[in-house]
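Number of protein chains: 2
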Amino acid sequence: MMHPNRLDTISETLLMGPGPSLVPPEVYRALSRPTIGHLDPRFIALMDEIKEMLRTVMGTRNEVTLPLSGTGSAGMEAAFVNLVEPGDPVLVLVNGVFGTRMVDVASRLGADVDRLDFEWGTPVVPEAVAGKLAERSYRLVAVVHAETSTGVRNPVEAIGELVKPTGALYLVDAVTSLGGMAVEADAWGADVVYSGSQKCLSCPPGLAPFTVSERAMERIRSRTRKVPNWYLDVGLLVGYWAGGTRAYHHTAPINMLYGLYQALRLILEEGLETVFQRHRQAHALLVEGLEAMGLEMLVEPAWRLPMLNAVKVPAGADEVRVRRRLLEEEAIEIGGGLGPLAGKIWRIGLMGHTARPESVERVSAALKKSL
Amino acid sequence: MMHPNRLDTISETLLMGPGPSLVPPEVYRALSRPTIGHLDPRFIALMDEIKEMLRTVMGTRNEVTLPLSGTGSAGMEAAFVNLVEPGDPVLVLVNGVFGTRMVDVASRLGADVDRLDFEWGTPVVPEAVAGKLAERSYRLVAVVHAETSTGVRNPVEAIGELVKPTGALYLVDAVTSLGGMAVEADAWGADVVYSGSQKCLSCPPGLAPFTVSERAMERIRSRTRKVPNWYLDVGLLVGYWAGGTRAYHHTAPINMLYGLYQALRLILEEGLETVFQRHRQAHALLVEGLEAMGLEMLVEPAWRLPMLNAVKVPAGADEVRVRRRLLEEEAIEIGGGLGPLAGKIWRIGLMGHTARPESVERVSAALKKSL
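From first to last, the protein sequence lines are chains Z and G. Position one of the first sequence corresponds to residue 221 (the working numbering), numbered consecutively onward. Position one of the second sequence corresponds to residue 221 (the working numbering), numbered consecutively onward.
I should point out that these hints are in silico values taken from the structure, not numbers from a laboratory. Be a bit skeptical, because a hint or two may be false.
No copy labels: a pair is met if it fits in one copy or bridges any two.
Said to hold, decoys possible - Calculated cross-link-like contacts (lysine to any residue; reagent style SDA-like; alpha-carbon spacing at most 20 Å): (1) 446 <-> 335; (2) 446 <-> 307; (3) 384 <-> 588; (4) 564 <-> 523; (5) 446 <-> 332; (6) 564 <-> 536; (7) 564 <-> 259; (8) 352 <-> 320; (9) 589 <-> 434; (10) 446 <-> 387; (11) 532 <-> 514; (12) 446 <-> 306; (13) 588 <-> 244; (14) 589 <-> 522; (15) 271 <-> 224; (16) 564 <-> 467; (17) 446 <-> 330; (18) 384 <-> 467.
Just chain Z, with the same shape it has in the complex:
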């Protein structure tokens, strides 16, 4: 005897946490298109268009631009495992959970990791980075563009300018920013940029857009030993995603890629600038509403992300209870704080399809009721 089908309990929820975000109906429909083979010519043609659309969204002409068959975290793993060998000096700029995670990922791979820490809720300071770069020659410098754990935007362009003359590879995590604000891999001089499908691209989680510069590909090709991760070896992936023969590597997540294809189309049809503006406007509206309620934002205006809004939990409020109430009674998900910010902030996402005035109005009304 089977239990009742739990999928029947899954109803539309206004996703305003740190991701996943709301998925447009067109993307749901795409997910359930008929599965075809991963070497079917129709699928190969779809892959080619996905690569091209990703290049546009990621601001790059890199040949090696493709979605990895894993979540955004697989993107981080792939970036480090391909670019770093044991003993390589790596500098990680840390001002949140995802910078901290980079230190762990790189250390596990045997990199010689230096970390430069900044207070959570504040951005990386380029002057401090310059100082560190003057001290030591790094193989790779890594930073998170949009720190999902704090709502801070880091000055990736300015950091890129500092990294460039040192010859180090430059890694930028764009998991939360991609599709919601400008990501300009080439203009930043970034050698590897990765993201996730479930943030501002508004596709369900499961894919990691990923791009590598030709300079970094050369470094990968001249590694002294094979990439110690067969699944995420970029050299092998390129054999499937590019070139004439399309050699079988692993079976691509076909239906997820239908979803990503559709999600990218929707963004490009709307127009990148229009999409970014929609994020900024929803953000401004949200901040206005929160401040009118007497709530305070964690991050200084200049460094706030439009798609991830960290708001301080007011004295006397039961942080967890408010979130639970929102989810259970209003069908709205918002996020709590992580690490040193646990219990101290809520994280309100305005990502992709979620970034609309209707979402802001609903969450503002629900919060007002709960406080």
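Dock chain G against the given chain Z, drawing on the hints supplied.
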């Protein structure tokens, strides 16, 4: 100006290759249920049922039984990266592409790999394994249950009996077998078994069912260094998939997991034995039809897989052209050979939802027409 939407070119195809297989309508519908958060209590409850259903299908009571956020190849990667440390002696039994791949995966991780090769199209011979096990003490012995590249079933139970007294860990790849024939992780003494969602489970590709014995978990916990793969570190994954707190690790592929949940339900509702019998019957019917056409199977009857049928390309037939004709004119996908069998065999899948008399009749008629 956008290109026409390529998803409109994707129509129902009878998937009779080496996977993906046909997806039942209920699973497509599950895929497009509304996305919710990866820490939503409704999703946690769904995860718990997925784990329990996977235990039933995998023949195990292992606490650590969960779907990895990647394809079957990520399952292979995870198995080796968690269980093997640099310098560990590993024995891989090779009689096809996936055994060969295991050698590569383990070698990249620094294992000291011995391989024992058997002719492609024939099974692993336990006596030869016994000889090898007598020569050296291995940390881990690895074998593929159902070699997708050749259609051979390997005697995993007999091999398990040989491995057990040596104290080595025992790894079984069940990518193609799971859900189509008995997989009995506990009875085989297997310490790690992984699979993929897109074969006999008839869910689209993107998830890797994965189980680890308590004995292997102890070895993982006593590693001298951290698992050099943050994304696939089983210790971290368990923190999200089990226990009380459900610590955030990475964002699970929510909608794919809806699909897997529904696919597992369909299998258990039909009943495992009934499903296996359906596979055997479809296989018998296919072989009968092929032999009536004068075609010859690659593998001896005793070692044939029901779900993957390797048939020799007859003299004079244009292997690639036949496959292309089937796909373009009949909307049927079958597979070609790999490695030494390229150009010499077709691989006809009867996996999961595909394993029905109607599929057999369609592919038999189409082949007859093409030859």
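Hint check results:
Only between protomers do residue 446 and residue 335 lie at most 20 Å apart by alpha-carbon distance; the minimum there is 19 Å, versus 26 Å within a single protomer. Both within a single protomer and between protomers do residue 446 and residue 307 lie at most 20 Å apart by alpha-carbon distance, with minima of 15 Å and 16 Å respectively. For the homomeric pair residue 384 and residue 588, neither the shortest alpha-carbon distance inside one copy (47 Å) nor that between copies (63 Å) is at most 20 Å. In the homo-oligomer, the alpha carbons of residue 564 and residue 523 lie at most 20 Å apart inside one protomer (19 Å), although the nearest pairing across protomers, at 61 Å, exceeds that limit.
For a Cα distance limit of 20 Å, the shortest separation of residue 446 from residue 332 qualifies both inside one copy, at 19 Å, and across copies, at 15 Å. Taking identical chains as interchangeable, the C-alpha atoms of residue 564 and residue 536 lie at most 20 Å apart only when both belong to the same chain, with a minimum of 11 Å there against 73 Å between chains. For a Cα distance limit of 20 Å, the shortest separation of residue 564 from residue 259 across copies, 19 Å, qualifies, whereas the shortest one inside one copy, 49 Å, does not. In the homo-oligomer, the alpha carbons of residue 352 and residue 320 lie at most 20 Å apart inside one protomer (18 Å), although the nearest pairing across protomers, at 45 Å, exceeds that limit.
Taking CA atoms no more than 20 Å apart as the test, residue 589 paired with residue 434 passes in neither setting, with 53 Å inside one copy and 48 Å between copies. With identical chains, the CA atoms of residue 446 and residue 387 are never at most 20 Å apart, being 23 Å at best within one copy and 30 Å at best between copies. For a Cα distance limit of 20 Å, the shortest separation of residue 532 from residue 514 inside one copy, 10 Å, qualifies, whereas the shortest one across copies, 75 Å, does not. For the homomeric pair residue 446 and residue 306, the shortest alpha-carbon distances inside one copy (12 Å) and between copies (14 Å) are both at most 20 Å.
Proximity of residue 588 to residue 244 under the C-alpha cut-off of 20 Å is found in neither arrangement, the shortest distances being 27 Å within a copy and 45 Å between copies. Taking CA atoms no more than 20 Å apart as the test, residue 589 paired with residue 522 passes in neither setting, with 29 Å inside one copy and 69 Å between copies. For the identical chains of this complex, residue 271 and residue 224 are inter-copy neighbours only, at 16 Å across copies versus 41 Å inside a copy, given an alpha-carbon limit of 20 Å. In this homomeric assembly, residue 564 and residue 467 come within 20 Å of each other (Cα to Cα) only across copies, at 18 Å, whereas the closest approach inside a single copy is 50 Å.
Proximity of residue 446 to residue 330 under the C-alpha cut-off of 20 Å is found in both arrangements, the shortest distances being 14 Å within a copy and 10 Å between copies. Neither within a single protomer nor between protomers do residue 384 and residue 467 lie at most 20 Å apart by alpha-carbon distance, with minima of 35 Å and 37 Å respectively.
This entry does not satisfy hints 3, 9, 10, 13, 14 and 18, going by the numbered hints stated previously.
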